[in-house]
Amino acid sequence: MPAGEHMIRIEESEADGVYQLKAELPGVDPDKDVTISLDDGVLTVRAERSEEKKDKQRSEFRYGSFTRSVRLPAGVREEDVTAAYAQGVLTVRAPIGETEKPARKIEITHGS
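Under the working numbering, the first residue of the sequence shown carries the number 1, and numbering increases by one thereafter.
Simulated from the structure, these hints should not be mistaken for laboratory data.
In this text, all values refer to a predicted model and were calculated from it rather than measured experimentally.
Please note that a few of the clues may not be correct.
Pairwise CB distance ranges (calculated) [to be verified]: (1) Arg104 to Val42: 26 to 34 angstroms; (2) Gly97 to Ser69: 20 to 28 angstroms; (3) Gly75 to Ile106: 20 to 28 angstroms; (4) Glu11 to Ser37: 16 to 24 angstroms.
Below, simulated SDA-like cross-link-like pairs (lysine to any residue); rule was C-alpha separation at most 20 angstroms, straight line [unchecked claim]: (5) Lys32 to Thr91; (6) Lys54 to Val28; (7) Lys22 to Ser69; (8) Lys32 to Met7; (9) Lys53 to Gly64; (10) Lys22 to Glu79; (11) Lys22 to Arg62; (12) Lys22 to Arg68; (13) Lys32 to Arg68; (14) Lys22 to Ala74; (15) Lys22 to Val81.
Yeah, the Cβ is synthetic: ideal placement off N, Cα and C, and Gly gets one too.
Can you make the complete structure from the sequences, with help from the hints?
The following block contains the structure:
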């Protein structure tokens, strides 16, 4: 991770055929400060939080760039991934399809 970048804290779960990732992103505007990308099964969340220019005696808030990448489980239908933001938490949901195709018998035809 490049200097000045912070890791986004996440929770991952899987239930009822849906993978879910929750990311803590308080104090950001999801329309301007957050990007989500999906490349070859890897989901990446990036966020930026700018420091307000006010006189402060003390601040323990983290400012700057935040990023986190996770490999999605096998069988995730990438075209159906959705994201929502509420109360400082980004929730990404990805339906999981069939991970294995059932075996089938191939009939042999005769002739040309």
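Evaluated hints:
no.: 1; hint: Arg104 to Val42: 26 to 34 angstroms; result: 31 angstroms, holds
no.: 2; hint: Gly97 to Ser69: 20 to 28 angstroms; result: 22 angstroms, holds
no.: 3; hint: Gly75 to Ile106: 20 to 28 angstroms; result: 24 angstroms, holds
no.: 4; hint: Glu11 to Ser37: 16 to 24 angstroms; result: 20 angstroms, holds
no.: 5; hint: Lys32 to Thr91; result: 17 angstroms, holds
no.: 6; hint: Lys54 to Val28; result: 18 angstroms, holds
no.: 7; hint: Lys22 to Ser69; result: 12 angstroms, holds
no.: 8; hint: Lys32 to Met7; result: 19 angstroms, holds
no.: 9; hint: Lys53 to Gly64; result: 14 angstroms, holds
no.: 10; hint: Lys22 to Glu79; result: 19 angstroms, holds
no.: 11; hint: Lys22 to Arg62; result: 19 angstroms, holds
no.: 12; hint: Lys22 to Arg68; result: 11 angstroms, holds
no.: 13; hint: Lys32 to Arg68; result: 18 angstroms, holds
no.: 14; hint: Lys22 to Ala74; result: 19 angstroms, holds
no.: 15; hint: Lys22 to Val81; result: 13 angstroms, holds
When the structure is compared with the earlier hints, no violation turns up for any of them.
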